Amino acid sequence: MSIETLDDVTLSIWHQVQNSADLCVKCNICTSHCPVSNVTPKFPGPKFVGPQAQRFRNPKEISVDDSLDYCSGCGVCTMVCPHEVKVMEMNAKARYKLYQRRGIPLRNRLLGRSELMGKLASPVAPIANFMAHLKPLRILAEAVMGVHRDAPLPPFSFETFRGWYKGVYQKANGRKKTGKQVVYFHGCSTAYFEPHVGKAALAVLEHNGFEVIIPEQVCCGLPMLSNAEFEAACHNAQKNVNSLVKYARQGIPIVGTSTSCTLSLKSDYRHILDLNTEPFELVAQQTYDICEFLLDLADAGQLKTDFKPVEATLPYHSPCQLKAHNMGLPAIDLMEMIPGVKIQHVQADCCGIAGTYGYKKEKYQIGLDVGKRLFDQVKASGSKVAVCDSETCRWQIAHATGAKMIHPVELLAQAYGLTP
Amino acid sequence: MSRYDVVVIGAGLAGLTTACQLAQNNQKVLVTATGIGALLLASGCIDVLGFQPADSMEPVKNPASKLDDFLAERPNHPYGLVGRANLEAGLNNFLKLVNQHGLDYKGDFNHNWLLPSAAGAVHPTCLAPASLAKGELSTGESMLIVGFSQMRDFYPTLISQNLNEQDLVKAEPCLIDVTIPRAGKVDVVPTEVGHAFERAEFRREVIKAVKSKSKGYQRIGFPAMLGLRQHREVVADLEKGLDKPVFEISALPPSIPGRRLYEALKEAFLQAGGKLILSGKIVAGTIEGGRVTQVQLETISRLKPIQVQHYVLATGGLFGGGLMAHQDGRVTEQVFGLPITAETNRHKWFNPHFVSPQGQPVFNYGVKVNERLNPVNGSAVPLAENLYAVGAILAESEWAHGRTGDGLAVATAAAVVKQITGNK
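Residue numbers (my numbering), protein chains in the order written: chain R, 1 to 420; chain Z, 1 to 424.
Read the hints as simulated data drawn from the structure, not as lab findings. Bear in mind that the values here come from a model prediction, so they are computed numbers and not experimental data.
Example chain Z residues on the side facing chain R (calculated, C-beta under 8 Å, incomplete):
1. L40
2. T191
3. P254
4. K275
5. G280
6. T299
7. I300
8. S301
9. G321
Cβ coordinates follow ideal geometry from the N, Cα and C atoms, glycine included.
Build out the structure end to end from the sequences listed, making use of the hints.
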């Protein structure tokens, strides 16, 4: 009797998210590093709700474990796991099932739609910002919807990034044909809250001789995904990939300034939403975090280094959503190419905001407790300015420490002498 | 252009000690690892040689004096390749490295500590954190062994009974009931107890529960969970409150002494300018013309080539993930596909006895190297002059046989650091 060897087939099956529970040896390294379960008993820990519970989950049935909702999705568990169990991804999928049973509250639907909020509020930004900081309204919003009254809502920008680009910018510059093209995925935060990040990115890319294409795009869908709205997230994913794949086919790199948007394009669409067709693979392969892209240029000797010195020692937090790119921390090396810049890499896992997690009434304090080690180091540094690649982390750290938060590309733009 | 001189693949004991020393010698070092290495699954002690001959019931008291006998019994063990000098240097380097970064390891090559294990057996080990070393059995001092009724993974009664039956020390179990937030909902894990000990009110509760029962015992043993970052303060405070020496006993994973060691080595490495990618799996490497020319880092969406001068393979053995055993009897090396000394008949992988003193043959399978630690082919010809293998991936390094795993890690680290830096 001959036995067919299932080896290679078995291995590839194990590495799929839902099956990777079988790689778990129950060592609890994930639980011991979980930022959330280390500060609250409400979350039992990633091993318990992840690979352990996974063995009892019937794919056809809805989830019964409510404690899963306290997972912030930061992904530290997946990062520290020595056995390649996709713990965070497994939990994200299970949360989708959980909310199929519980129903998705209005609050989560709202937090999942930063783009819609931006579209509605930016045209009336002064009023919207005034209202967003009115204590009685925030108390009402907390009572009615469960968005914590003190959570760091960023101010809407009256001028949207796309509005500026199509109006002011293109009238003044037109698009420069340089023969070297790059696609810029700006995401919602740059579009509606922080257009200055997009302006800095555009300036830095153009300074390095790139023609920057800004294609049609919608919210990457991550806020919906982490609020268990998989159908809506898939819809956005499909729209983005439809728009981006033609550039990917031509080998044009797609760069982003939001580490969570680029992580969605690179990984979450495929690994959590199970969108695995060729266009998704192509877009994933062509997507770069902007610091990753610029550092690759530097390694190839193609990055301009006409930096003016910037005398500053700056604390830097590497966001969870960046670490999940599995490529290291390109921003540090990149910023330290600027003469005078010294980066102090803050040793902390997570800031606690985890996208929309720390905005929720019942999770706001957990978020601050998770980030305490980070905040203490930023405060102790004495620096008025700190750096972080991810927008929600920047808002959380600014809220907790009072520091002015910038994206690494803003520091580069400053050093290049570009004032967007 | 490369930003690095050396890539160390793997963040276990061998990888991190190699990387730290290289970074401290002005090499630009990148460490890549598939998650946190085996340090959190080990005791945190450095075992060099525990039993010689392997089936002896008597633990080794002086590993330095028994090394030659061990090599006579196992002539192919990599200790023979790296030699006594590198082993001693590796131990000294380790002590210097970790004690400069907030830890307090005790011991030397000429002495083994004899410590109580989580099962109440004797654990002979060469270097141990001070908090564990205070459990030394040869002093004969009596001990009260404390456990928590809410924690299933640590049994004071088992430990005490086994120690008493071996006539080693007088030991008495003490099971206490204290406030652990998650107890009753999920299994209590060591990290949670470690964090609890960092709170003064938890320590007060523990002291209150233990003090009255500790009369007549010379020292008090706790599961090795006495704090993470604030470990020293926790031990000092307990000793003050209990008015007796307090020590730690290894417990089940995740190991807190292993965690402290990992954090200290990581901090030492980062402070020396090293870079660490914790979720960075190296999935392939190219060997051309007798040199490694590049390795491939698997990022979340594509492979990224990395080209440096030297490559250190510290991916571990079958347990650490450096080797993979297949259904058809093949054992393969996961990065370069290096030749592996292995028996393809799976019936020969294991001894009939599960806890055989000689360990299991399958753990002897691994990468064969020369005295420079370059992997070699079947005819002993080096495959790549800038590739070095360290730690548990080495052939003939079965660690249970003689209890040599940690000594091998630090010794091979010392040998490779010399090769790469050119320091003698």
